[in-house]
Structures are given as C-alpha cells and as structure tokens.
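I would like the entire structure built from these sequences, with the hints used as guidance.
There are 2 protein chains.
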Amino acid sequence: MTPKVIKTIAAMRRQSRQWQREGRSIAFVPTMGFLHEGHLSLIRKGRELADVSVVSIYVNPTQFAPGEDLDKYPRDFERDIRLCAEEQVDVVFFPSNEEMYPGGYQTFVLNESLSDKLCGRTRPTHFKGVTTIVAKLFNIVDADYALFGRKDAQQALIIRNMARDLNFRTEIIVAPIVREPDGLAMSSRNKYLSPVQRQQALVLNESLRRVEALWREGERDLDRLKKEMATAIESRPECRVDYISFVDADTLENAGDDSKKILLALAVFVGNTRLIDNTLLQR
Amino acid sequence: MTPKVIKTIAAMRRQSRQWQREGRSIAFVPTMGFLHEGHLSLIRKGRELADVSVVSIYVNPTQFAPGEDLDKYPRDFERDIRLCAEEQVDVVFFPSNEEMYPGGYQTFVLNESLSDKLCGRTRPTHFKGVTTIVAKLFNIVDADYALFGRKDAQQALIIRNMARDLNFRTEIIVAPIVREPDGLAMSSRNKYLSPVQRQQALVLNESLRRVEALWREGERDLDRLKKEMATAIESRPECRVDYISFVDADTLENAGDDSKKILLALAVFVGNTRLIDNTLLQR
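Line by line, the protein sequences are chains W and S. Note that the first sequence covers residues 1 to 283 in the numbering used here. Note that the second sequence covers residues 1001 to 1283 in the numbering used here.
Worth double-checking, as some hints may not be accurate.
To be verified - Coverage of chain W stretches by chain S, computed from C-beta distances (three or more under 8 Å per stretch; other residues unrestricted):
hint: 1; segment: 29–42
hint: 2; segment: 107–116
hint: 3; segment: 129–141
As the list claims (entries may be wrong) - Calculated pairs, DMTMM-like style, for lysine to aspartate or glutamate (alpha carbon to alpha carbon, straight line, at most 25 Å):
hint: 4; chain 1: S; residue 1: Lys1226; chain 2: S; residue 2: Asp1248
hint: 5; chain 1: S; residue 1: Lys1191; chain 2: S; residue 2: Glu1022
hint: 6; chain 1: S; residue 1: Lys1261; chain 2: S; residue 2: Glu1112
hint: 7; chain 1: W; residue 1: Lys151; chain 2: W; residue 2: Glu98
hint: 8; chain 1: S; residue 1: Lys1072; chain 2: S; residue 2: Glu1099
hint: 9; chain 1: W; residue 1: Lys7; chain 2: S; residue 2: Glu1171
hint: 10; chain 1: W; residue 1: Lys7; chain 2: W; residue 2: Glu87
hint: 11; chain 1: W; residue 1: Lys4; chain 2: W; residue 2: Asp90
hint: 12; chain 1: W; residue 1: Lys7; chain 2: S; residue 2: Glu1099
hint: 13; chain 1: S; residue 1: Lys1007; chain 2: W; residue 2: Asp144
hint: 14; chain 1: S; residue 1: Lys1007; chain 2: W; residue 2: Glu171
hint: 15; chain 1: S; residue 1: Lys1151; chain 2: S; residue 2: Asp1071
No lab work stands behind these hints, which were simulated from the structure alone. On a predicted model such as this, the values are computed, not experimentally measured, just so you know. Cβ atoms here follow ideal geometry from the backbone N, Cα and C, with glycine treated the same way.
Put into structure tokens, the structure is as follows:
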C-alpha cells in the first residue's frame, strides 16, 4: 500500500497523537531521501520494533554549508515512495523548507563536545544543522524509536547524546553499515561517482578491512596503520584523504592506550565527492 | 493537599504519561523556587487552563555565569511546598544537578538572534542556559501549557520562539507582571535588598510609569525619555543603570519609527543586586 504522504507539521502531529491514543508504538527513520538499502534496513528494523513506521524525506538546508552539494543533492521522490510502499511504511513526512524554517527562524541545538571533531573539522556547521533538524523532527513525530545508520558514526553518537541530554523520550537505535556487494558503503552520494571513481572508491572499504586484519594479528601502532591506509588510498589517482582518525568511540578524542573501543573513521574525496566510512576496533 | 514531590526524570515522565492516558491536560510552571506572588499567579492561570499542574523547582546552574549568585540564590523548599499545597499543585518536580546534568553532558539549545541583546549583553551565557533547561523540562514534563512571567520579557520571547522553532507541542502562556503593593516587580532576588535599597528600588517602577505617562501625552523622543529615566534612577545613591532600552517587542532590535510595539526594558543594579523590569508601549 502506498504510504500516506504528510506535508505539514500540524497534520503529522495529529497523526502521531492518534496512533498514541490507539496505543500504537511509532518507529521513525529520518532521511534526506534518495533511499538506498541502508535506509531500507533501518525501516525494516523499525517495523520489527514498533507498530507503525514514519519515514521523513527532507533535504535539510541547515546541515549544508555554502558551496556544499545542497542544490545538487540527488532527489527522486517517486522512487522513494515506491520503496517505502514496498517496505509497508505507514507515513512519509515530506515537509517544505517554509514549513521547517519559517521566516524569523532563530533557535538551534548544538553538541558542544563532538561537533568540531572528525567531519566537523571539514564541515564546521554541519552537526549543528543535524541536531537542530533532528530535534525538530523528534518533537513533531514523537516516536518511540528513531533509527540511524552506523555509516554516519559521528552523527549517530551526537544524536544519541542529544536524545539523552535533552531528555527526548525517543529511543535511539543505531544499525550496522549496509554495503554494496563489492563492499562500498551505501550512500546517496555514491550516485555522484563516475565509473572510474566508483571503482577507486572501493579503497575506503578495502583499507578498513586491511586494518582490521592487521589489528587481529596484533598490530597496535596506530601511526603505522594510518600511514598504510593513507598510502593505499592516495595511490588511487581520484582519491584524496580528508581525514583518517583512530578515536575513542565515545568521546571522539584521539585514541590512547586506555581506549577500549576505538572508532577508525575516514573521509575521502573521490573526485569532488566526499565519502565516509568507519569500523570499530576492540582492544 | 501536599503536592507529590518527584525527584527523578523517569518518575516525572511516567506521571505525565499516566495523566495523558487518562486524557488529562497538564499545565507546567518552571521555577527556580523561592516562590512569590508572580509564580503563584502563573500556577493559578495554569490551573484554569489544564486539569493538572506541575511546578518545577530547580536552580539551574547553566544560566548562571561564574561570579553570579548561583550559590547564594535564595532557597526555601518547605515554604515553596506549602505555597504549592495552597495552590493545589499536583506535582512538584525537584531534580538534582546530577539528574539534570549528568557527567558527559554536552548538548545545548541556543537562540542565535536574541540571546546577546538586552540582558544578554551583561549575561552572555545566560539565555543559552535558560533555553537548554527549558527544552529539557519540556521534554520531561510534556505539558500542554507552560507559563512564564512577563517580568522576564526577553526570556519569555526567547522561549516562545524556541517552542515554535523546535516544534515543541507545549503552548507558551505569558502572564502579566505581578508587583508589590508599592510597585516593585516581584522577584526572588528582592530578598537581597537592604531596607534602604528596597526603598530606592522603587525607582524602576516609578520611572516606567513616568515614561508611560509622557508617552500617553505624545512624547516620542526616545533619547529624551531614556535620559530622563537614567537621571531619575542614578539620583538614588544605591542605583546604577545596567541598561535602559527601547526595542522592537518581537526582534529586540532598537526601536525605530516603524516599531508598532515597543518594549521598554531596563536592568538596574541596586547595590550588588541586579533587578529588571519592563513595560510595553504601543504606537
């Protein structure tokens, strides 16, 4: 069945209230549309957890800086709706910019500890946009569960901390990275890649797998591992490292000898397209 | 009947959920305790609007800067509970600092347009603390109505904008200033005043009434009005003007010829105690 498409905040709120009166639990997957298997895995997980499911499709302007890809960010609403129908999504929330950021908009939510690390170094205003739109969506949808992908590991951590700090009732679920058969992490931005770039982009996943193997063999010299990754990545003519970081998975501070769970995160420009990927290393 | 005192977020949330399941509407008055007639007027207004009422008592550390009066802010929990009992408050939410800001706290809510104006010039981090704690309390109490006093006009405006911008479901009600019989605006900080200071503090209200009278007579020279107020205030030896501002009541920008509703706001140090007051002037 085609999901109900709701475009106004008031109507979305009424829908959620009605479900709540009926005692039905709500799973929520916030997206920027152009859905891929990663999103669909979140939708499926949500349907296991709750009685009804809401997917928001909104390309949030406040998380893009001037010069980033806001205008060309890929969109295909009809295809998204078809995919949501196949996954038995109940409601697609699809608001306009005027609905979400009306004239005189002035309130923002900010994580002050983690927003300037990793991706925040290259995209200093990005996470403020993310926390702000997610706070808004949490208040509008008022879900029992909200699902995020681990591909955006920093985002997931920042949102988990936001939900805890600001006492949102919504429980945050973070689901594993979904990959293409050849290992490239699913991302709407993969669409930007030329065939040659698409091939070279495999080096993100390959270099993560290589470090995991070395880690299992006992290698603990993070500088050596990092150097090896950088060399592998930059050997592909289309690839340029934005960052490769071994950080504490909770604080995103540089991993030290006492870090039990290390997040190895990287961002790589493939041509003009910036891709991210990551893995967790346990000590 | 003595109100039920709830100290944990989880228990407060359960209480609100239960009321909601019973179809009962909730009025919420956030306070820092040491209740006075201003607070009680908000509680009464809340009881008119909703089925049940919650008062929070929490001296929020994040809205005080180092060197401000956090430690000596007046507290009298027993008296507050007695007053709440007289007003038939159902629940007093009385959390600890550890409950509200546990270790690792890192998420803040900020109004980026209005927080550095008026009181924000003297207290640059104050409103970030206010919006953060109010966002938290809104999520915890999940009320239908929240009530604020117009004495803190800038706070009320910032919170009204926050509720709209972040799509909180709670409706913001702003109630008139309550004054002592001699005209001094009610404030917990009035307790700090010596008898001499208490007498001289009347100049805040008197100078506002004087401007209102001149305004009714047609005076529109804001500089002249401001100068007259400053002279009157600083003629009292204990009083020193922090600011006197005529601003647009919605934007808090300096009032221009096109401002229809002007907020005349002032802050005055009386001894070491900083008092605020305000009035609205209609063109």
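Structure-based check of each hint:
1. 29–42: violated (count 0)
2. 107–116: Since three or more residues must qualify, the claim that chain S covers the segment 107–116 of chain W holds, with 8 doing so at under 8 Å.
3. 129–141: Since 6 is at least three, the answer is holds.
4. Lys1226/S / Asp1248/S: Given that 25 Å is the threshold and the Cα spacing comes to 15 Å, the pair holds.
5. Lys1191/S / Glu1022/S: Judged against 25 Å, a Cα distance of about 41 Å means the pair is violated.
6. Lys1261/S / Glu1112/S: Distance ~22 Å between Lys1261/S and Glu1112/S Cα, so the pair holds.
7. Lys151/W / Glu98/W: violated, 30 Å
8. Lys1072/S / Glu1099/S: Holds, because 21 Å separates the two Cα atoms, which is no more than 25 Å.
9. Lys7/W / Glu1171/S: It holds: about 22 Å lies between the C-alpha atoms, which stays within 25 Å.
10. Lys7/W / Glu87/W: Distance ~20 Å between Lys7/W and Glu87/W Cα, so the pair holds.
11. Lys4/W / Asp90/W: Within the cut-off at roughly 6 Å; holds.
12. Lys7/W / Glu1099/S: The hint is violated at about 37 Å.
13. Lys1007/S / Asp144/W: Holds: Lys1007/S and Asp144/W sit about 23 Å apart, inside 25 Å.
14. Lys1007/S / Glu171/W: holds, 22 Å
15. Lys1151/S / Asp1071/S: holds, 23 Å
Hints 1, 5, 7, 12, counting from the list given before, are not met by this structure.
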